[in-house]
Every structure is written in structure tokens, then in C-alpha cells.
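S.K.: What the first sequence shows, in this note's numbering, is residues 50 to 511, in sequence order.
For the record, the hints were derived by calculation from the structure and aren't laboratory data.
Glycine included, every Cβ here is placed at the ideal spot set by N, Cα and C.
Some clues are possibly wrong.
What the hints assert, rightly or not - Straight-line distance between alpha carbons at most 30 Å, and here's what the computed DSS-like set of lysine-lysine pairs gives:
| id | residue 1 | residue 2 |
| --- | --- | --- |
| 1 | Lys-63 | Lys-289 |
| 2 | Lys-288 | Lys-165 |
| 3 | Lys-413 | Lys-429 |
| 4 | Lys-367 | Lys-292 |
| 5 | Lys-413 | Lys-438 |
| 6 | Lys-399 | Lys-289 |
| 7 | Lys-195 | Lys-139 |
| 8 | Lys-345 | Lys-289 |
| 9 | Lys-173 | Lys-139 |
| 10 | Lys-345 | Lys-288 |
| 11 | Lys-289 | Lys-406 |
| 12 | Lys-367 | Lys-345 |
| 13 | Lys-292 | Lys-399 |
| 14 | Lys-498 | Lys-425 |
| 15 | Lys-267 | Lys-179 |
| 16 | Lys-468 | Lys-438 |
| 17 | Lys-498 | Lys-429 |
| 18 | Lys-267 | Lys-148 |
| 19 | Lys-367 | Lys-498 |
| 20 | Lys-139 | Lys-63 |
| 21 | Lys-288 | Lys-303 |
| 22 | Lys-289 | Lys-349 |
| 23 | Lys-288 | Lys-349 |
| 24 | Lys-63 | Lys-292 |
| 25 | Lys-413 | Lys-468 |
| 26 | Lys-399 | Lys-425 |
| 27 | Lys-153 | Lys-303 |
| 28 | Lys-429 | Lys-406 |
As the list claims (entries may be wrong) - So the derived label-pair ranges between C-beta atoms look like this:
| id | residue 1 | residue 2 | range |
| --- | --- | --- | --- |
| 29 | Arg-364 | Ser-507 | 31 to 37 Å |
| 30 | His-169 | Lys-288 | 24 to 30 Å |
| 31 | His-378 | His-323 | 33 to 39 Å |
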Amino acid sequence: MTVITRFPPSPTGKLQIGNVRTALFNYLFARHHNGQFVLRIEDTDRERSTDANIQVIFDALEWLELECDNKDDVVYQFSRRDHHAEIAQKLLDSGQAYKCYTSKEELAELRTAAEKNGEHFIFKSPWRDKDPSEAPSDSEPVVRIKAPQTGETTISDLIQGDVTVSHDTLDDFILLRSDGTPTYMLSVVVDDYDMGVTHVIRGDDHLNNAFRQQLIYKAMGWDAPYYAHVPLILGSDGKKLSKRHGAVGVAEFKEMGILPAALRNQLLRLGWSHGDDEIISDAQAIEWFDLDGVNKSPAKLDYDKLLNLNGHYIRESKTEDILPLVQQHLGEIDTDLLERALPALQERAKTINDLAKSAEFYFKTPPLIMDERAQKAIEKEYAPLVVSKAITLFEETDTLDTETAQSIIQSIMDQNDMKMSQVGPLLRAALCGTMQAPDLSVVISILGKDVCLERLRSINTN
RNA sequence: GUCCCGUUCGUCUAGGGGUCUAGGACGCCGCCCUUUCACGGCGGAAACACGGGUUCAACUCCCGUACGGGGCACCA
50 MTVITRFPPS PTGKLQIGNV RTALFNYLFA RHHNGQFVLR IEDTDRERST
100 DANIQVIFDA LEWLELECDN KDDVVYQFSR RDHHAEIAQK LLDSGQAYKC
150 YTSKEELAEL RTAAEKNGEH FIFKSPWRDK DPSEAPSDSE PVVRIKAPQT
200 GETTISDLIQ GDVTVSHDTL DDFILLRSDG TPTYMLSVVV DDYDMGVTHV
250 IRGDDHLNNA FRQQLIYKAM GWDAPYYAHV PLILGSDGKK LSKRHGAVGV
300 AEFKEMGILP AALRNQLLRL GWSHGDDEII SDAQAIEWFD LDGVNKSPAK
350 LDYDKLLNLN GHYIRESKTE DILPLVQQHL GEIDTDLLER ALPALQERAK
400 TINDLAKSAE FYFKTPPLIM DERAQKAIEK EYAPLVVSKA ITLFEETDTL
450 DTETAQSIIQ SIMDQNDMKM SQVGPLLRAA LCGTMQAPDL SVVISILGKD
500 VCLERLRSIN TN
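My request is simple: use the sequences and hints to build the entire structure.
M.R.: Below, the structure written as C-alpha cells:
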């Protein structure tokens with residue numbers, strides 16, 4: 050059997066981090082089993098589904114590098130509505146579904162009445178066993194499935210284990226609305242069946258739906274897929290993840306300067322683990338991932354850990370790969386200079402945004418604006434002496450690699466009987482305008498003789 | 001309310017009857033490295049929700065309680 054998993058987002062807004070995790074799990078599970086991972090756009094909510102939102106999904110998946118196997122043949126659920134309706138008709142024909150003429154309003158009344166009495170509301174349609182000839186001619190019916198009323202069903206969920214539900218908690222849910230459009234419950238089942246989906250890996254919030262959906266499979270005589278219900282991701286306070294917890298949409302993580310590899314790694318470790326491994330490559334993830342390692346309890350997103358992970362991936366990245374990302378933040382700058390500056394900067398950044406910020410000083414024109422600590426360093430009484438000494442020594446040199454830079458600094462210390470703790474901060478301030486920068490000799494060699502001199506001279510004339 | 005699911009350091013987790021004086025990671029604290037910020041190294045504080053069983057033995061199995069999450073739409 051070829052494993053086929055699916056990712057069926059609704060294009061109704063941003064792509065949430067929780068959905069991304071289930072997408073990742075589906076992706077990894079399919080790859081692990083040499084199967085397929087397919088995308089389906091669930092655009093049946095015509096009010097909220099927009100082309101822009103569909104693009105949001107494509108962009109997110111592309112950014113995350115979660116490639117689906119039906120890229121040129123993405124399924125749009127709304128386009129299949131006629132087929133869904135046909136299936137409902139079949140169920141009607143075989144007597145496993147019926148037309149119900151109870152109106153939305155009547156239903157709402159019954160529901161509130163039951164709630165008022167503190168009763169659990171299960172709608173029992175009077176039309177379930179009525180003869181079709183009694184149907185009123187002035188109203189359009191919904192089509193409901195005939196759910197079993199006694200007994201129980203057990204689903205062997207690949208994550209949740211055996212879950213049993215008594216049939217008296219199952220209602221005759223709606224298959225076709227009164228306007229003839231199919232409901233989600235019908236559409237997913239038909240689409241999953243037609244797409245050959247073997248494993249439905251989705252959020253925990255669908256566990257109850259699995260019992261309803263299985264009813265449709267059974268009524269059609271289809272084999273139901275395997276189910277795996279993944280616990281949801283909660284906010285740091287244990288409540289449902291929302292805006293106030295920080296970033297929740299994929300795009301927001303991108304904007305923060307998070308690398309997709311870091312996000313994938315973090316998401317993978319939420320509810321799943323492989324021993325004590327923390328840094329997991331894509332290849333290892335595919336090799337190791339399986340459903341039996343997924344926890345049953347919901348997890349909270351740890352932004353600090355994400356940042357730490359991101360720092361790791363930035364350090365590990367090839368400079369050429371992150372160069373364009375950083376450049377986007379800096380505008381029109383000398384790319385060669387940035388490329389030379391980046392390796393040392395990568396060591397200390399947690400996000401791409403931090404990285405860009407830390408590179409800024411390379412591109413400033415003198416006189417540099419000193420930050421508070423740099424200003425303090427530059428105000429030392431021996432500053433003029435050190436600066437003029439540095440100017441002299443820089444002027445005398447031809448090459449300026451890290452070694453000559455180091456020897457120049459050494460000369461300044463030797464000639465004036467000073468320590469590194471005096472010379473270092475001062476030159477750093479003069480050259481960078483900030484104290485947060487890489488090793489001085491590295492900075493000097495990257496800046497080059499001319500720029501160094503220019504910056505030092507601008508200090509002198511102050 | 002009702003049905004389903006869960007509960008190990010602050011967080012993500014390892015561990016599935018004895019090897020647990022409960023391991024790792026992030027975060028936090030201290031020290032070291034050091035011209036800054038990071039990185040790195042070393043060390044520290046920090047958890048089996050509670051109550052009953054079962055057992056020679058329970059964090060691990062069973063039952064309750066508490067707490068948390070999810071579902072209960074002509075939404076998906």
C-alpha cells in the first residue's frame with residue numbers, strides 16, 4: 050500500500066502554526082513511508098475563501114519547503130461540490146440518508162430549550178422515519194445521514210489509541226444543506242476517498258468528527274482511512290493559541306527573521322521526540338518520524354527555544370544562503386562587503402533581523418553616531434593619542450588582513466604601555482560606533498584601510 | 001452541562017514495574033573564556049497533580065478526585 054497523506058487548509062486567513070505542524074507531520078509521515086503528500090484547498094466557505102488567502106497557503110508551504118506531490122493538480126474542494134451532492138443522492142437512494150424539513154429556526158429553538166433545562170441536545174428528526182409523501186412542498190429540506198442509534202463504535206487512532214463512542218451521542222448530521230451544497234463532513238470524506246488518502250493526520254479537534262465521517266464510509270461501503278489525531282498547540286498560558294501569545298501565522302515567523310529549518314525543527318519537537326535529540330536534520334526527521342512517537346497531550350510553543358534553535362541554524366547556514374535574506378533588510382549596499390562581514394556576524398545572531406541590524410555599522414558613513422557605550426569609550430582621556438597613533442600605523446601599512454590588524458593593535462599597546470582593555474574598546478567605538486561587533490582585527494580587515502582611516506579621522510576632527 | 005482526551009523541572013521532553021539519589025534541551029543563576037556582544041566550557045536551582053488500590057516493589061498498571069484541552073452548527 051502506498052501511503053497517501055493530505056493537508057487540507059481552508060483559505061480563510063493566515064496559515065496558523067498549529068496547522069503547519071500537522072502539515073509537517075503529514076509530510077514527514079508520507080516521506081518516511083515513500084508515500085505521497087497531497088494538498089487540498091477547502092474553499093467551500095464562499096464568504097471567507099479568497100484567492101489572496103489561497104496564495105497565503107502556497108507561499109507558506111513554499112517557504113517552509115514542504116513540497117506536496119500534487120503541485121500541478123491541487124484539489125479545490127468547492128469545484129467538486131456536484132460530485133459530493135451525487136454521493137448524498139446515492140445515500141438517499143439506498144435509504145441511508147433522508148430529507149429533513151425541520152427549519153434552522155425550529156432547530157435553534159429546540160436547542161436553546163434543551164440547554165435551558167441543562168440537557169444534552171441531540172436532535173432527533175421527525176422526518177427520519179416519515180414517508181417522503183408527507184413532505185411539505187413549500188420548503189427545501191436538508192439531507193441528513195441515518196446514524197445508528199444503538200451500539201458503539203471504536204476507532205483505533207494511531208495516536209490516541211482505541212477511542213470508543215456510544216452511538217447515542219451521534220446525531221443525524223447534515224450532508225447537504227437546504228441550498229443543496231455539501232457540508233464539510235460529506236466533502237472531506239468523499240475527497241479523501243477519491244484522492245486515495247490512506248492516513249488522515251490532523252488536529253485533535255477533529256477526533257469527534259472521525260466517528261461521524263466513518264459513518265459515511267460505512268454507508269458507502271468504502272474502507273475508512275487510518276486516523277491519527279495530533280494534540281493541538283497551546284499558547285504559553287495553556288489557552289488556545291491566539292494573537293496575544295505572539296506570532297501564530299507562518300508569515301509572522303518569517304517576518305521575525307526565523308529560518309524555515311528552525312521552525313520545522315521546533316515544530317517537530319512539539320509532541321514528538323527521538324530520544325534526547327534536539328537538532329534534527331530534514332533527512333533524520335524523515336528517517337525517524339513515525340506516529341507512535343507522537344504524544345497525546347497538547348504542547349505549548351516555546352519562543353525562547355525557537356530563537357535558540359534559529360541561532361543555531363543561522364550559525365550553520367552557508368553565508369551565500371542567508372546573504373539575500375539579510376540584504377532585504379539593508380537596501381542598496383555593497384554586497385561584497387556584506388558577504389565578507391556576515392560569517393563573523395552569524396556567530397552571534399538569533400534572527401535574520403538581528404543579523405541585519407548587527408551588520409549596519411559596516412555601511413555607515415562617518416562621522417559615526419556613537420551609541421551610549423561607544424560614546425563613553427571614546428571620551429577616555431587617552432583617546433586622541435590612541436586614535437592618532439592608529440591613523441599613523443594604518444597609513445603606513447599596505448595590506449590589512451587580520452594578522453596585520455592584530456599587530457597594529459599590538460604596536461599601539463606596546464608603544465604606549467597600554468592594555469588591550471584600554472585600546473580595544475576605544476578602537477571598537479571609533480571604528481564601529483557600537484560596542485557590539487565581532488573581533489576587532491576581523492572588523493578592521495573587512496572595513497579595509499581606507500574606511501578605517503576615514504572613520505578614525507572623523508573622530509579626530511570632532 | 002455532556003461526550004472524548006490528557007497531566008514528569010517555568011517550557012519542550014526521555015523514561016512504560018526494580019538500574020530513578022528521574023536524564024537531555026531551552027530559559028534562569030554562578031564561574032571560566034574575553035576588547036564588546038555572542039559562541040563555547042564547567043557548575044547550580046528546578047518535576048513524576050492528588051488520593052486510593054494491585055504488587056515484595058509503582059513515575060511506570062487499575063480506580064477515583066482535581067485541574068487542563070477538545071467536541072457538541074444548514075463553519076471548516
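S.K.: With reference to the structure, classify each hint as holding or not holding.
M.R.: Hint check results:
1. Lys-63 - Lys-289: Satisfied, since the Cα-Cα distance of roughly 16 Å is no more than 30 Å.
2. Lys-288 - Lys-165: Since the Cα atoms of Lys-288 and Lys-165 sit roughly 27 Å apart, the hinted pair holds (cutoff 30 Å).
3. Lys-413 - Lys-429: With a Cα-Cα distance of about 23 Å, the restraint between Lys-413 and Lys-429 holds, given a limit of 30 Å.
4. Lys-367 - Lys-292: violated (33 Å)
5. Lys-413 - Lys-438: Distance of about 23 Å is within 30 Å: holds.
6. Lys-399 - Lys-289: holds (27 Å)
7. Lys-195 - Lys-139: Answer holds: Lys-195 to Lys-139 is near 13 Å, not above 30 Å.
8. Lys-345 - Lys-289: holds (16 Å)
9. Lys-173 - Lys-139: holds (22 Å)
10. Lys-345 - Lys-288: holds (17 Å)
11. Lys-289 - Lys-406: With a Cα-Cα distance of about 33 Å, the restraint between Lys-289 and Lys-406 is violated, given a limit of 30 Å.
12. Lys-367 - Lys-345: violated (37 Å)
13. Lys-292 - Lys-399: holds (22 Å)
14. Lys-498 - Lys-425: holds (25 Å)
15. Lys-267 - Lys-179: Distance ~23 Å between Lys-267 and Lys-179 Cα, so the pair holds.
16. Lys-468 - Lys-438: holds (15 Å)
17. Lys-498 - Lys-429: holds (24 Å)
18. Lys-267 - Lys-148: holds (19 Å)
19. Lys-367 - Lys-498: holds (27 Å)
20. Lys-139 - Lys-63: Given pair Lys-139, Lys-63 is violated - Cα atoms ~36 Å apart, limit 30 Å.
21. Lys-288 - Lys-303: holds (24 Å)
22. Lys-289 - Lys-349: It holds: about 9 Å lies between the C-alpha atoms, which stays within 30 Å.
23. Lys-288 - Lys-349: OK: Lys-288 and Lys-349 at ~9 Å, within 30 Å.
24. Lys-63 - Lys-292: holds (11 Å)
25. Lys-413 - Lys-468: holds (28 Å)
26. Lys-399 - Lys-425: holds (27 Å)
27. Lys-153 - Lys-303: violated (43 Å)
28. Lys-429 - Lys-406: At roughly 27 Å apart (the allowed maximum being 30 Å), Lys-406 and Lys-429 satisfy the hint.
29. Arg-364 - Ser-507: 31 to 37 Å: Holds: the Cβ-Cβ distance is about 33 Å, inside 31 to 37 Å.
30. His-169 - Lys-288: 24 to 30 Å: holds (25 Å)
31. His-378 - His-323: 33 to 39 Å: Because 35 Å falls inside the window, the suggested range holds.
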